[in-house]
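Student: So the chains spell out like this:
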Amino acid sequence: MIKSLNDMNPEESGRVCEIKGGQGLINRLNSLGIRTGKKITKVSSMLLHGPVTIQIDRTKVAIGFGMAGKIFVEVDKQP
Amino acid sequence: MIKILLMGNPNVGKSVIFSRLTGVRVVSSNYPGTTVSYTSGFMKIDNRLVEIIDVPGTYTLEPTCEAERIASEMLKTGDIVINIVDATNLERNLYLTLQLMEMKIPMIVALNMWDDTKHRGISINLEKLREILGIPVIPTSGLTGQGIKDLVTDISKAVSPPSPVRSRDERWSSVGSITDQVQQISHRHHRWFERLEDASVKPKTGIVIAAAVLACSFMVIRFIGEFLINYLFDPIFNFLWLPALMKLSTFMGKSGLLHDVIVGKLFDGEIHFIESFGLLSSGLYVPFAMVLPYIISFYFILGLLEDTGYLPRLAVLLDTAMHKVGLHGFAIIPSLLGFGCNVPAVMATRVLESKRERFIAATLISIAVPCASAQAMIFGLVGKYGGQYVAIVYATLLLVWIILGILLNRMLKGFSPELLIEIPPYRIPPWGTVMQKLWGRTRGFLIEAVPIILAAVLVINILFVFGIFDYIAAFTAPVIKGVLGLPEESVTAIIIGLLRKDAALGMLALSAMTAKQMVIGSVVLTMFFPCIATVIVLFRELGLKDFLKSAGIMLLSSMTAGGILNVIL
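Just so you know, the sequences run in chain order A and B. Each residue of the first sequence is one higher than the one before, counting from 1 in this note's numbering. Each residue of the second sequence is one higher than the one before, counting from 80 in this note's numbering.
Quick caveat, the hints were computed from the structure, so don't treat them as lab data. Note that the coordinates shown come from a computational prediction; the quantities given were computed from them, not determined experimentally. Backbone N, C-alpha and C fix where the C-beta goes; we use that ideal spot for every residue, glycine too. Fair warning: there could be bad hints in the mix.
Each computed PhoX-like pair below joins lysine-lysine, with the alpha-carbon atoms no more than 25 Å apart [as the list claims (entries may be wrong)]:
{"id": "1", "chain 1": "B", "residue 1": "Lys207", "chain 2": "B", "residue 2": "Lys236"}
{"id": "2", "chain 1": "B", "residue 1": "Lys197", "chain 2": "A", "residue 2": "Lys39"}
{"id": "3", "chain 1": "B", "residue 1": "Lys492", "chain 2": "B", "residue 2": "Lys434"}
{"id": "4", "chain 1": "B", "residue 1": "Lys82", "chain 2": "B", "residue 2": "Lys123"}
{"id": "5", "chain 1": "B", "residue 1": "Lys344", "chain 2": "B", "residue 2": "Lys463"}
{"id": "6", "chain 1": "A", "residue 1": "Lys38", "chain 2": "B", "residue 2": "Lys197"}
{"id": "7", "chain 1": "B", "residue 1": "Lys624", "chain 2": "B", "residue 2": "Lys434"}
{"id": "8", "chain 1": "B", "residue 1": "Lys123", "chain 2": "B", "residue 2": "Lys236"}
{"id": "9", "chain 1": "A", "residue 1": "Lys3", "chain 2": "B", "residue 2": "Lys283"}
{"id": "10", "chain 1": "B", "residue 1": "Lys344", "chain 2": "B", "residue 2": "Lys333"}
{"id": "11", "chain 1": "B", "residue 1": "Lys281", "chain 2": "A", "residue 2": "Lys3"}
{"id": "12", "chain 1": "B", "residue 1": "Lys403", "chain 2": "B", "residue 2": "Lys434"}
{"id": "13", "chain 1": "B", "residue 1": "Lys628", "chain 2": "B", "residue 2": "Lys403"}
{"id": "14", "chain 1": "A", "residue 1": "Lys20", "chain 2": "A", "residue 2": "Lys39"}
{"id": "15", "chain 1": "B", "residue 1": "Lys183", "chain 2": "B", "residue 2": "Lys236"}
{"id": "16", "chain 1": "B", "residue 1": "Lys281", "chain 2": "A", "residue 2": "Lys70"}
{"id": "17", "chain 1": "B", "residue 1": "Lys403", "chain 2": "A", "residue 2": "Lys70"}
{"id": "18", "chain 1": "A", "residue 1": "Lys38", "chain 2": "A", "residue 2": "Lys3"}
{"id": "19", "chain 1": "B", "residue 1": "Lys628", "chain 2": "B", "residue 2": "Lys434"}
{"id": "20", "chain 1": "B", "residue 1": "Lys403", "chain 2": "B", "residue 2": "Lys281"}
{"id": "21", "chain 1": "B", "residue 1": "Lys624", "chain 2": "B", "residue 2": "Lys595"}
{"id": "22", "chain 1": "A", "residue 1": "Lys39", "chain 2": "B", "residue 2": "Lys281"}
{"id": "23", "chain 1": "A", "residue 1": "Lys38", "chain 2": "B", "residue 2": "Lys628"}
{"id": "24", "chain 1": "A", "residue 1": "Lys39", "chain 2": "A", "residue 2": "Lys70"}
{"id": "25", "chain 1": "A", "residue 1": "Lys38", "chain 2": "B", "residue 2": "Lys207"}
{"id": "26", "chain 1": "B", "residue 1": "Lys492", "chain 2": "B", "residue 2": "Lys624"}
{"id": "27", "chain 1": "B", "residue 1": "Lys344", "chain 2": "B", "residue 2": "Lys326"}
So the derived list for chain B, only partly shown, Cβ under 7 Å to chain A, looks like this [stated by the list, open to error]:
{"id": "28", "residue": "Ile380"}
{"id": "29", "residue": "Val395"}
{"id": "30", "residue": "Glu501"}
Taking the hints into account, I'd like the entire structure generated from these sequences.
Tutor: As structure tokens, then:
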């Protein structure tokens, strides 16, 4: 099932399948290791449209709510 | 002279390696973006002096913020690059490595945090990596010093192998194929440490942890500060310095111009360390016995928070709230630095992406974040009237920070960019670095602040003698007395506040003040204008136009806040 990062539940994981954003956004996300095909696990999201924290390889990255909504993940593992 | 650049992703330990190579102590912390400007130092290689430059961390050579822009600019000036790579994050780090190789500049790779790879279940085939990249790769550990010697001997082997210029996607696919070939990650169980890492970015547990961390920090800062004052600095001044100073006073005849400048005015034949206002009384007591203890305790706790890696988590928690004032969560880190000193705090705003954000953050810091010097004086002077008055000062500043932030966010064009940061793993702070950093910052205070405080005391005394303050006081009385309800001579304190906050607040204590006046005076002094050092940095960071804007906001908001307090208290 394809979900945006915001719609994923904590501890769900899957592979990034699409980033719906401009070159600038894709650039910044790529430089932190977030790009299509990468396996990621959602750690948490803050209340009131706060940032989403994900685990990618051995790093954790916090992503603002708006950006997180543009990152789509093919979820393959429910907690 | 040959220039060697240390380059790499943020938070991979460049500054620690820089210190190891050059012996120059620089501030390092466990969060991305500690180094926002470059630092340079020198070392000898084969008896030749070379310059080593610690470049701000960057993920890519296509810059996304001011600190990264500085980094890519600097690349043009270097002869050799030492690319510091975080061995525990090979894939992401190699992207920059490939980009640097395309720039055709001789380089070697330091595979840092090598000691961390084992317990993280990562194994890297060094030979293979060297072979693929075609440049020397040296495993290092900045913290233990492992591999630093090899790094130095291998600098001369830096090469620039032929490397095709690739597109972004091509680069990532090369990175992917390299990591597949050289790296193996074995599965291992969650350590309790990592559970704690996750708990601090989950909403419920995160808020509890943040509240506990902040409350503890505040209490420990006060405890250490007061302990140092009561059991170390006050006894030294009262039992050792005071008798010596009294002898000097008697020797100088207990009065007269020179006596008053050097020793200070006597009250009932006694020296009063705050009110006497001589170079050797207040001029030393204020920086050493009132401010220094809090500088030590604040920076000790801040250093611990920085090195554990907790601060970025606080940024995540506060992100939603910070957006209301036009900033994102990461701006909390420069703001917290401001509670120590506004100068590094304003510099640290460079990690923020947009000009708008930097303007808001820098303005809010200079207006509503009292530095350790100001706070020490607020506790010392306002605290005498009772803790509730200190609370009023802090509550007012917090309120100003919020209201002003909301206003600036509404009025300035543009929007606040979103948070996007790497959250570093927790690390147990190495005592050596914590203490080194504390010493560096304390030394900074002593070297920069003490001479200015002494100069301020001297200037005040001279201006008093010539009656210049009376003239200014008469001139500004309508505002000072009418709007703020302060005694007209307190304008002198406000003027001195342009130099330093501690000396200025000390001056405020000279005139007989009610609790209300002391509260208003402290608030106005804190907000009105930052000290001279901050003004200079602010001007440099914002440019003339924005600096003037910021200064206007300071003037307007301090008078408004002071005026309102005068009416409602």
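Student: Against this structure, judge whether each hint is valid.
Tutor: Against the structure, the hints:
As the CA atoms of B:Lys207 and B:Lys236 are separated by approximately 18 Å, the hinted pair is consistent with the 25 Å bound. Using a Cα cut-off of 25 Å, the hinted pair B:Lys197 and A:Lys39 holds, with the two alpha carbons roughly 22 Å apart. At roughly 11 Å between alpha-carbon atoms, B:Lys492 and B:Lys434 fall within 25 Å of each other, so this suggested pair holds. A threshold of 25 Å between alpha carbons decides the hint, and for B:Lys82 with B:Lys123 the separation of about 12 Å falls inside it, so the pair holds.
As the CA atoms of B:Lys344 and B:Lys463 are separated by approximately 22 Å, the hinted pair is consistent with the 25 Å bound. A hinted pair counts as satisfied when its Cα atoms are at most 25 Å apart, and A:Lys38 with B:Lys197 qualifies at roughly 23 Å. Of the pairs offered as hints, the one joining B:Lys624 and B:Lys434 holds, with about 13 Å between alpha carbons and a cut-off of 25 Å not exceeded. The straight-line distance between the Cα atoms of B:Lys123 and B:Lys236 is roughly 16 Å, inside the 25 Å bound, and the hint therefore holds.
Proposed proximity of A:Lys3 and B:Lys283 is supported: the alpha carbons are some 24 Å apart, at most 25 Å. Proximity of B:Lys344 to B:Lys333 is assessed by CA-CA distance (about 8 Å); at most 25 Å being required, the pair is judged to hold. For a cut-off of 25 Å, the pair hint linking B:Lys281 to A:Lys3 stands: about 20 Å separates their Cα positions. For the proposed pair B:Lys403 and B:Lys434, the alpha carbon gap of about 17 Å is at most 25 Å, so the pair holds.
Our distance criterion of 25 Å between C-alpha atoms is met by B:Lys628 and B:Lys403, whose separation comes to about 21 Å. With a C-alpha separation of about 17 Å, the suggested pairing of A:Lys20 with A:Lys39 holds against the 25 Å cut-off. Proximity of B:Lys183 to B:Lys236 is assessed by CA-CA distance (about 15 Å); at most 25 Å being required, the pair is judged to hold. Using a Cα cut-off of 25 Å, the hinted pair B:Lys281 and A:Lys70 holds, with the two alpha carbons roughly 21 Å apart.
Taking the CA atoms of B:Lys403 and A:Lys70, the gap is near 22 Å; set against the 25 Å cutoff, the hint holds. At roughly 15 Å between alpha-carbon atoms, A:Lys38 and A:Lys3 fall within 25 Å of each other, so this suggested pair holds. For the hint linking B:Lys628 to B:Lys434, the alpha-carbon distance of about 14 Å falls within 25 Å, and the restraint holds. Distance restraint check for B:Lys403 and B:Lys281: the Cα-Cα separation of roughly 21 Å lies within the 25 Å cut-off, and the hinted pair is therefore satisfied.
Taking the CA atoms of B:Lys624 and B:Lys595, the gap is near 36 Å; set against the 25 Å cutoff, the hint is violated. Among the hinted pairs, A:Lys39 with B:Lys281 is consistent with the structure: their alpha-carbon atoms are about 21 Å apart, no more than 25 Å. Annotation: proposed proximity of A:Lys38 to B:Lys628 is violated, straight-line Cα distance about 45 Å (limit 25 Å). Among the hinted pairs, A:Lys39 with A:Lys70 is consistent with the structure: their alpha-carbon atoms are about 16 Å apart, no more than 25 Å.
At roughly 24 Å between alpha-carbon atoms, A:Lys38 and B:Lys207 fall within 25 Å of each other, so this suggested pair holds. For the hint linking B:Lys492 to B:Lys624, the alpha-carbon distance of about 16 Å falls within 25 Å, and the restraint holds. Taking the CA atoms of B:Lys344 and B:Lys326, the gap is about 14 Å. The hint holds against a cut of 25 Å. At its closest, the beta carbon of B:Ile380 sits 24 Å from a beta carbon of chain A; the interface hint therefore is violated under the 7 Å criterion.
Interface hint at B:Val395: satisfied, since its Cβ lies 5 Å from the closest Cβ of chain A, which is below the 7 Å cut-off. The criterion of a C-beta within 7 Å of any C-beta in chain A is met by B:Glu501, whose closest approach is roughly 5 Å, and the hint holds.
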